[in-house]
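Engineer: Between the sequences and the hints, there should be enough to build the whole structure, so can you do that?
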Amino acid sequence: MLLKAERTLHLKSSRGKTVRVVREHYLREHVPCFSSLCQASCHNDGKLLPGNVTHYIVPDWKVLQDFLEILEFPALRGVIFTQTACQSVQHQKGRKQYNRLRSLLKDARHECILFSNEFQRYSYCPREKGEAMEKWQTRCIYYAAVWYYHHLAGQKPLVVITEDQDAIEKYGSENKDIYVISIKDYLEGFWPDLKAAHELYESIVQSLRERESESQEKEYAEHLPVEILQAGIKSGRYIQGTLNVNKYRAQVEAFVRIQGSANKNTELSSDVLVCGGKQRNRALHGDVVAVELLPRSEWRGRATALSQSEGEDRLAEELQSQTMPTGTVVGIIQRNWRDYVVTFPPKEEVQSQGKNSQKILVTPWDYRIPKIRISTQQAEALQDHRVVARIDSWESTSLYPNGHFVRVLGKAGDLETEVAAILVENNIQVPPFSEAQMREMPVNNPESPWRVESEQELERLDLRETHLVFSIDPQGCEDVDDTLSVRRLANGNVELGVHIADVTHFVKLNSYTDLEARARATTYYLADRRYDMLLPILSADLCSLLGSVDRYAMSVMWELDKSSYEVKRVWYGRTIICSSYKLFYEAAQALLDGDWSVVEQIPELAGLGGETRQEKLDQLVWAIGSLADIARHLRAKRDRGGALELEGVEVRVQLDAQKNIAALVPRQPLEVHETVAECMILANHWVAKKIWERFPHQALLRHHPQPRQEFFTELVECAKAKGFTIDTCSNKSLADSLDRAVDPADPLVNKLLRFMATQAMSNALYFSTGAYPEEEYYHYGLALERYTHFTSPIRRYADIVVHRLLMAAILRDKGEELRETPGSNKELEELAQHINSKNKAAQHAQKQSTELFQCMYFKDKDPVTDERCIADAVIYSIRANGLLVFVPRYGIKGAVYLKNKEGLVVCVNPDGSCEWKPGTLKRFQDRISSTTADGSETFPLFQHITVRISVQASRSHSESIRMEIISNKPHKASDPQLHCDTPHPARADLVREVIRSAEEAQQAEEQASRAALAGENQEYCQTQGKSLYSLLEEIRELALLDVSAASLTP
Amino acid sequence: MAGLELLSDQGYRVDGRKPTELRKIQARMGVFAQADGSAYIEQGNTKALAVVYGPHEIRGSRSKCLHDRAVLNCQYSMATFSTAERKRRPHGDRKSSEMTLHLKQTFEAAILTQLYPRSQIDIYVQILQADGGNYSACVNAATLAVVDAGIPLRDYVCACSAGFVEDTPLVDLSHVEESSGGTQLSLALLPKAEHLALVEMDARLHQDHLEGLMDAATRACKDLHAVLDRVVREHLQEVSTQLVE
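Chains A and B are the protein sequences, given in the same order.
Sequential numbering from 1 applies to the first sequence in full-length UniProt numbering.
Sequential numbering from 1 applies to the second sequence in full-length UniProt numbering.
Because the hints were derived from the structure by calculation, they are not lab data.
A quick note: this is a predicted structure, and the numbers were derived from the prediction, not measured.
It is possible that some hints are incorrect.
[Said to hold, decoys possible] Calculated lysine-lysine pairs in the BS3-like style (CA-CA distance at most 30 Å, straight line):
| id | chain 1 | residue 1 | chain 2 | residue 2 |
| --- | --- | --- | --- | --- |
| 1 | A | Lys-234 | B | Lys-87 |
| 2 | A | Lys-129 | B | Lys-222 |
| 3 | A | Lys-93 | B | Lys-18 |
| 4 | B | Lys-18 | A | Lys-47 |
| 5 | B | Lys-18 | A | Lys-135 |
| 6 | A | Lys-859 | A | Lys-826 |
Structural biologist: What follows is the structure, encoded as structure tokens:
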């Protein structure tokens, strides 16, 4: 047990004073080397260095600090990070860079390891008296390399990369197999073909050089050191929070959302306003900052006016609401920089920027990010392209942050470029599936069809003969991840079964496929395409529970009481099933309603004749009937608990329209939808219960927190304007009062109210049970104590995790040893956060891609003449100088100005048409009135008006929809088909039309063959995938999402 | 600068130990001739000196006298030079009186006091250098001193601290680990019977982790016991060879 111990002296200063601290330092002989070539039988487990590379790379601390991005290239295999270098990164570059390094080390796809050289007895060198820290670190790293070389008995040459010229001279010739060279020489010597790395190198070097040569003039106040910030936050002097920049007033307005309830400053219930660039002090959107409050006399209010452009700041300041806490940023606790999509300024502007044309100010795609200064010589070549840039630093002497250019996305305005931009902005990486992942997959083709393995046959419960299993999905669905079964038991009770695709059988923990799926966390659905989480062979074939083929499944089966449908017994486990019918919703509904004509459309029945057919049909009809009956009972039970009907019939349509899945939802919501959804909720609920009981502190569940009452204020006010009262004290009362708030004359009112209710709520989130107290497990929307996701493992990673947990729980029940222990609470919570953030990103990306398509749709239409650009809109919110409206026909939300840049206001002529005239606007709680010389006009909430839609072009941002009021009367649509109740066909058309026009443009440029392929894509892209249940689930999620809340209410 | 990483991803602590490894221990018994028993211990950079007088007649007020067992009198102090910054530490400050009480409790559980009714045993402990785990160093030193004094004990008392970082129990915390603000558990154990003489925990810990933490501390105490036992045996050998000569 005892080790050789040696002690070293470390000098350390803390809190200003220099204190001499003596720390022990224990050295050991056996420190794992993590090389597959090791001959000294080191204790190597986990990731290993490959044996088949020409050399190992040992980067110096300086290289690691500045050029980590280059080392991230997967082509650079066999990188040894020394502990010395990693510690220097941790101390000097802060947590962000260090975490990046850590995640690189954990990433199984990148072949690099950490060698704890300072704990190795023979590679450790104590710091000599008077030796500079940097020199000592370099020496340590070099000797670590020397040790490595000898440890591997000289099998591999090592390359130490350093930027220190003295070190190159000093150590370069010491050992002939240990090369000491600079990173430039290294790249040129070893990787002459890796062009991307060379470019990245140039770009980093240039930005480093810039940083050194910066002027010393101070543009911003210095940030306070971390110790002072932390002490200040503890004492309540500073407030810690996340900075949110107002998208529409990015230059001037930002808010700090206070973190945690532990804040001592109780008067601060709202966010803190940060006004202007100086006070924001180099903080970027998303950073965690510390703010100091200004004296009350300097507090200001948030602007309530809609601003048309940045030039309007002064105007807006006159129109402030009541003051709110205002503060100034004194320090940044954590930077949250990511990759940004940027655009170079047009040529004329580059010249006007003057003296140093090497430095160019580029404009990020995201409004909330300030311009970034990057140094590149390619500015002219990349004029009209969108490129990815990273921010390196923002010194107090510089007005703008410094960054460097990383890669090119493509020409601005192209569909592909814009979609790529959306992906980068949301931090979504979807590289094509790699060879290694393909190799892990089982084979299934006509020559060697996949078969049920015999050992699995023994392990699993075989339901192929005993159970009538069927699936209900939208027509043409490929990836069926859930099937159902129901039968009567001998004792008269009913057995209900939910069988979910057994993805975890194919995706082993920590396999390449698993890592990729974990990184993606979900399948991404954009307006015109999707990026799958799993390889197609799994998602569309082996894991898809298709009809008449044997498939593996994870099943949950309940024995229900024959009359009350109380759960008597529940069974979980792995099964083999063979789905008898692959029904689609309309057919199932028809059977449920007793309409037999649909039988011809069911392929499994159509071929049969006479009696067998009738017999089978009767069986199926009974099954669907009892399913529906069970679901009704379940639903009623949940309703009594207060389940929220947010995706009520009308809202479903409305929300779809917002989030662009409308085209997938059948026109009429059928009872079968509800039936399937209810069974899935039941399965999720019981699985959640099971894994929580087995692993009370490391189960992945999903909760939906109780919304904060103050967020409902707007909803209550709006409802009051229409004469409804909304009771928000519990989910039950909210659901009831929403049901009552129906205006018979205008169905949109209820829709909008429900939409506002969803906006007031926060998202449902995944979490690890160990990380939260038990009271917070509750799912507010579904009114369930425990909930998780179990039923869609093909498109959600959370479900895969839950499957593994359930399997572990079952094994433990049987008393078997666990082969893979479930992750600790901490790991699971990290994973849950990751999945949550990816889900959020997926939703953002979906929304943005929808907006992209909307813009592309209206772009080539002339707003003045084209009938399609004129639409009916409903007012749903009032602002100081305009209205927020919703256009049901296209499902667009947007602002309409009643006051233009010249200060003219809208005046309504007797026939309803509108003109700009001088006058004033007056804003009330539930209406706004414009007064001109000719009289005044009032716009109350929920009034229908007519708007003209046009597209506001933008060079460096995404284009946006603009709306202009042309009449205060409802618009009479010439085509009755486009009435607001049926917006989906219109929306499907919209996407299709945009794709078509994009293709036409492409066709002109490219060969015809490609177009044919795209045509097919155009035809099928919308109907692929997604079972209806998953859709409903998604809508439910979306219903609980407030993505647009921030942007709509500035 | 980012905060110190107490346990790296590779499973090393700041000073290079693994979570279950103790610091280097060196101890000597019989360092003072005048006292009845004395011992000096180094646990890493924590150094403690313990001196035992007695059993002897009650000194001072007779009213303290117990008719069925001996009175235990403990005193804990820290040398002015024991920390990085020199600081005068008057006797009787709250921290050291607390520590005194803890020591008293610990040894009342271990010493067979009923063998010496109406008498008194004094245990004086001083920390010469503090680098974490002061209490455990004191207890271990005092055990050796009591053994040296020839006072009958139920068993050795071995004490060790343990902390909880990143879901892993760390044993024998150093000063850096102690001052990071996490949970710290001090355990004094009679290792043979696994009787607890004293358990003290500061800061909160989830109930589920307690068992693991206690296990780790218990194991560490047993390891310590092996070391202390060897020290005692070596000392005995030394003394007996001296006697023979």
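Engineer: Does each hint fit the structure? Answer for all of them.
Structural biologist: Structure-based check of all given hints:
1. A:Lys-234 to B:Lys-87: 27 Å, holds
2. A:Lys-129 to B:Lys-222: 40 Å, violated
3. A:Lys-93 to B:Lys-18: With Cα atoms ~27 Å apart, Lys-93 (chain A) and Lys-18 (chain B) stay inside 30 Å; holds.
4. B:Lys-18 to A:Lys-47: It holds: about 20 Å lies between the C-alpha atoms, which stays within 30 Å.
5. B:Lys-18 to A:Lys-135: 28 Å, holds
6. A:Lys-859 to A:Lys-826: Violated. Lys-859 (chain A) to Lys-826 (chain A) sits at ~49 Å, over the 30 Å cutoff.
When each numbered hint is compared with the structure, violations occur for hints 2 and 6.
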